[in-house]
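Protein chains in written order, with the numbering used here: chain A, 1 to 249; chain B, 1 to 254.
None of these hints come from the bench; they were simulated from the model.
In this text, a Cβ means the ideal position worked out from N, Cα and C, and glycines have one as well.
Any given hint might turn out to be false.
[Said to hold, decoys possible] For each label pair, taking beta carbons as the anchor points, the in silico distance ranges come out as:
hint, chain 1, residue 1, chain 2, residue 2, range
1, A, 9, B, 79, 29 to 39 Å
2, A, 162, B, 192, 53 to 63 Å
3, A, 9, B, 183, 33 to 43 Å
4, B, 229, A, 239, 55 to 65 Å
5, B, 29, A, 17, 20 to 30 Å
6, B, 127, A, 124, 21 to 31 Å
7, A, 234, B, 32, 58 to 68 Å
8, B, 117, A, 200, 47 to 57 Å
9, B, 240, A, 19, 34 to 44 Å
10, A, 74, B, 203, 31 to 41 Å
11, B, 121, A, 32, 48 to 58 Å
12, A, 146, B, 203, 43 to 53 Å
13, B, 162, A, 9, 31 to 41 Å
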Amino acid sequence: MRGARKLLLALSVAACVAVVVGYQSTRAAAGLSNPRVFVPKVSFYQRFSPAMRVTIGDVYWLFAVQYYGEHVDTDHRLDSLPATLDVVTSMSPRFKQAYFFGAFALLDAGRPDLGYALLERGFKANPNDWHFPFYLGFFAYTFASNKDKDRIAAQWYAKAAALPGHLPSVERLAADLYTKGNAKGKAIELWAQVYGQGDKYARDKAVAALDRLLPDDKTAREKAVARLKDLMPASRFDQFIADVFAGYL
Amino acid sequence: MRKVLAVAVNTFRETIRDRILGVIILFALAMIVASLWLASISLGQEGRMMKDFGLVAVSAFGLVVAVFVAASLVRKEVEKRTVFVIFSKPVSRSEFIWGKFVGFGATMLVVVGGMTLFLFAVTWAVARSPSAAILVAGLLVYVQLLVVMAVTVFFSTFSSAVLASVLGICVYVAGQLSHNVLSLTQVSHSEALKAVTRGVFYVIPNLSAVDLRASVVGEGAARWAGVAAWTAYLGAYVVIALLAASWSFGRKEF
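Next up, chain B with everything else stripped away, as it sits in the complex (with noise of 0.2 Å):
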């Protein structure tokens, strides 16, 4: 456990430095130039729409930088030979992996974070009323990029960054659309197809299940035991991705 953190403190300051937290300021400007233009075009609905679009904004922020720096995370290591220092101490591969990925996912929570409560501060000052879901929406975003980091860590262990980062999105992007994975069990025929269909169902991350931008806009009031339970499955599936992207990784030859 030692060895993980000292791993992922190290990552952290790492990522730190590679000014990964410019995107906040990218996403504070883009948010003040939004909340001006939205103000003149939503017929009074600048609140809702900074709200929803302000969200959607972190989600595609987030995901720039967590595919991208997730892909390159471990590759980068190797690439530099810094890894073979690391392995030189007691150092287990799988340690390595996780270390990556908890002092990434730090980098991520600041980020993420901060994005989210300058979205809340600027939703309060246009829409005059605080809204609390939008940090609970924000925290459930960063929860979904874990899953998209672990997923994009997994391939980056035997692909290259380019090609982990697109299949990183590819995961993000099928995610989201992975209950109509469940409607094509439903109508298929087939029962070959049908096993198939919902073979991809468990195999895709389910990051439709829970969003909670729907009730941060006034669309229906949140089930929070779905969300504990959603959040649940989500950490099971980093978990497995982590698992499966130390074995990859162990297996891998320098």
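So here's chain A without its partners, still in its complex pose (with noise of 0.2 Å):
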């Protein structure tokens, strides 16, 4: 008797756990989300004390991630973007890789302009970090159509050449786009600095682009050159001096 009752009670067990199994696994697949999701305005969540506001920054950075892999390979739409990304920033302005992940994810959304209006945000937010007007300079360089797209990225790259840790590459870069920018003045200065403070192969390219920047005649040459004295250490400038002169030897 207590046999036939115990295994009536694990057939019962048995069946209600097939139950539960059974309809749950009936049950569709999730399919996509929808892209347009509600996000409340920052205005919102500025009411909120200052550490909960981080916890709600990351909370929502979270969900920009998770939002931005399920949509960029499969429907394209990432409409909701731009507010999450805004939520996320405006909660934890320092949270650098949130600016830098949102720009390039606003890129994939279409919106070239807002990831620029989002580095800047963060430029003025942590206005120490190379990484932000270098990217700014890429943006602009890359994705503006405006006939002084070459002098605003050299402008970008410059600032960013200012800020302690850059790449030794970020000085050329802008010298480079002065060039292209016609901003002759600036990229002359540009490239003595680099000839100032980089190593053999920067000092080469620097050389390279000054004799095709500054003035063929020799006396105004000297005139140029000796108004770069100040851009670089003085031990430099003998040595920069012959090499900008070596053609007229």
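Put the two chains together into one complex; each comes in its own frame, and the hints tell you how they fit.
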């Protein structure tokens, strides 16, 4: 009798488990979620205490990453990405990764203008990080359509070059773009700086560029070069003169 | 003071015996699972996410323990009639309340301290850089919880344990939003309403004035003078709440 009761109990439990698992397994697999998600305005979250704002920003960061990953290779709809990134970066203005990821994700959303604006906001909040002006220069050069884009990109690269930790190539990029943007004076100054601070490769590049930019006339060239003395260490200036006037000896 | 200490030691032993420290193990398991999960979904930001959500978890786990244990701290003694044995000795009611609070405060120090140390170790392992600010932030979470405990003990002297727990949680939530009450006092046009909201602002503990979570994840630097002033404020609040609890418990008839 007791054995039969135990068996009945075991069968009942097994039946219940089968019903629970069976029901759940017949549910349709979740499809793509709606690309238009309600994201409250930043001003709504600004009312929360500072510590809560950081956590809210981090929750939206996780959401933004999942949202981007889900839609970028499927329906290509990233409608709510700008609003989401706006919340993340407003709640955590020093969360640099959010700006960098956001700017490039907004390219996929077809909004380089918003990506540029996001980076500008990030640079305002993190003025000592050279990555921001570096990426801003890249955005300006690649996606702007006006005739001043070379000069604007060069200005951003020059700003990046003035910040600690920047890549050595940033100054060369800036100088190159000033040359392309017909800002000859600034290009010459930057190339002189590159010469003053760079290694052998950078110095050779600088001399080649300056050779094209400086006047051919020896007197005029001497005048132009004299102005560059303050832009490099005194110990390098003599070598600089020798390199820039190599063809005149 | 000796009597308070005697009650405190007894309370500490009793609460430890209730397997409250199991919360630390639960927390540890939750953090291990969370670290694996966050590493895969946060796009390289697992260190930041661990610190932020880890401290939220320390607060949440601590709040649950603080509120539910504090609510039954005094009531249990009354319901089990053990309070009569205590009061047959030269122990006053206020000494009993203070002793209970100090004893449970020590238990919570072990609980919150254990969770914080584990979080520190996990984030060190995940983010590859130790962040001492987590330890200070954990200490501030503990101070916040002391306030909630004191208020819950006060509620438990005149209401049921369930109601005291609910009220304790409400005070915690209200304390997180207390600066909004101050905003209300500024936008209101009615002088009476302004006075009422200002009164509410003073009564609700300001639990959100300082929180190191933002500086732990790199959003601004901590202002230590502000932290010290806020800690002193919360300490004073705990004393007031316990004095009120002693007064309320002293008027109770068994």
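Against the structure, the hints come out as follows:
Between residue 9 of chain A and residue 79 of chain B the Cβ separation comes to about 37 Å, which falls inside the hinted range of 29 to 39 Å. For the pair residue 162 of chain A and residue 192 of chain B, the supplied restraint of 53 to 63 Å holds, since their beta-carbon distance comes to about 58 Å. Our hint of 33 to 43 Å for residue 9 of chain A and residue 183 of chain B is violated, since their Cβ atoms are close to 60 Å apart. Separated by about 59 Å at the C-beta atoms, residue 229 of chain B and residue 239 of chain A satisfy the suggested range of 55 to 65 Å.
Between residue 29 of chain B and residue 17 of chain A the beta carbons are some 25 Å apart, a value that agrees with the proposed interval 20 to 30 Å. In this structure, residue 127 of chain B and residue 124 of chain A meet the distance hint of 21 to 31 Å, their C-beta atoms being roughly 27 Å apart. Between residue 234 of chain A and residue 32 of chain B, the C-beta spacing of about 59 Å keeps the proposed range 58 to 68 Å intact. Between residue 117 of chain B and residue 200 of chain A the beta carbon distance is about 52 Å. The supplied range of 47 to 57 Å therefore holds.
As the Cβ distance of residue 240 of chain B to residue 19 of chain A is approximately 56 Å, the hint placing it in 34 to 44 Å is violated. Distance hint check: the CB atoms of residue 74 of chain A and residue 203 of chain B are about 52 Å apart, inconsistent with the given range 31 to 41 Å. A hinted range of 48 to 58 Å is violated for the C-beta pair residue 121 of chain B and residue 32 of chain A, which are about 39 Å apart. Checked against the hint of 43 to 53 Å, the pair residue 146 of chain A and residue 203 of chain B fails, with Cβ atoms roughly 59 Å apart.
Evaluation of the 31 to 41 Å hint for residue 162 of chain B and residue 9 of chain A yields a pass: the beta carbon distance comes to about 34 Å.
Of the numbered hints stated above, those contradicted by the structure are hints 3, 9, 10, 11, 12, listed in ascending order.
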